[in-house]
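End of the sequence shown sits at 125 in our numbering; the numbers just go up one at a time, nothing left out.
These are computed hints drawn from the structure, not numbers from a lab.
Any given hint might turn out to be false.
Stated by the list, open to error - Ranges between beta-carbon positions, derived for each pair:
| hint | residue 1 | residue 2 | range |
| --- | --- | --- | --- |
| 1 | 94 | 23 | 16 to 24 Å |
| 2 | -12 | 92 | 15 to 23 Å |
| 3 | 42 | 93 | 17 to 25 Å |
Being a predicted model, the structure only gives us computed values, none of them experimental.
From the three backbone atoms N, C-alpha and C, an ideal C-beta is built for every residue, glycine too.
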Amino acid sequence: MGGNCWTHTGPYEPDLAAAFRRAQEEQLSEDDHGFPGRTVEELWQDPEWHEYIFTGGTGTVLDQPELIDATDQSNDGPYMRPLTDEEIRAFAPGGRPTFAEWDGALDAERLEFPGRAQGRCTVLYADGEPTHMGYWGVTAD
-15 MGGNCWTHTG
-5 PYEPDLAAAF
5 RRAQEEQLSE
15 DDHGFPGRTV
25 EELWQDPEWH
35 EYIFTGGTGT
45 VLDQPELIDA
55 TDQSNDGPYM
65 RPLTDEEIRA
75 FAPGGRPTFA
85 EWDGALDAER
95 LEFPGRAQGR
105 CTVLYADGEP
115 THMGYWGVTA
125 D
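Working from the sequences, and respecting the hints, build out all of it.
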């Protein structure tokens, strides 16, 4: 099987790791994927969750256990990595991408989807102010 691409937006927080965790918590509250009553941290300690993620996944921010540094170029997932300033300016020259710029760059393939079991994220802006996070990735299967 090949990995499936997905996109998601979530709430913005200055601490990107906190924003990522909040997006995960919101996603988990919408759909527990058959693992009721657990936190994201508890899920990632469960071998059955690992099996679920690596043989299909959720196609959401739940597919990555952690946010790594933007400069970490590791190819071993699963993880979520913010874009570097250079990567952002490659599709949004002003350095403050709007939802439309982000979505359009993904559609036009000016912004690539990462490898399997990986995700990327960037801050999205409206009227020059950060408002949301844009997340995208590929399932591990």
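Hints, one by one, checked against the model:
1. 94 x 23: 16 to 24 Å: violated (36 Å)
2. -12 x 92: 15 to 23 Å: The hint (15 to 23 Å, Cβ to Cβ) holds, given that residue -12 and residue 92 are roughly 20 Å apart.
3. 42 x 93: 17 to 25 Å: At roughly 24 Å between Cβ atoms, residue 93 and residue 42 fall inside 17 to 25 Å, so the hint holds.
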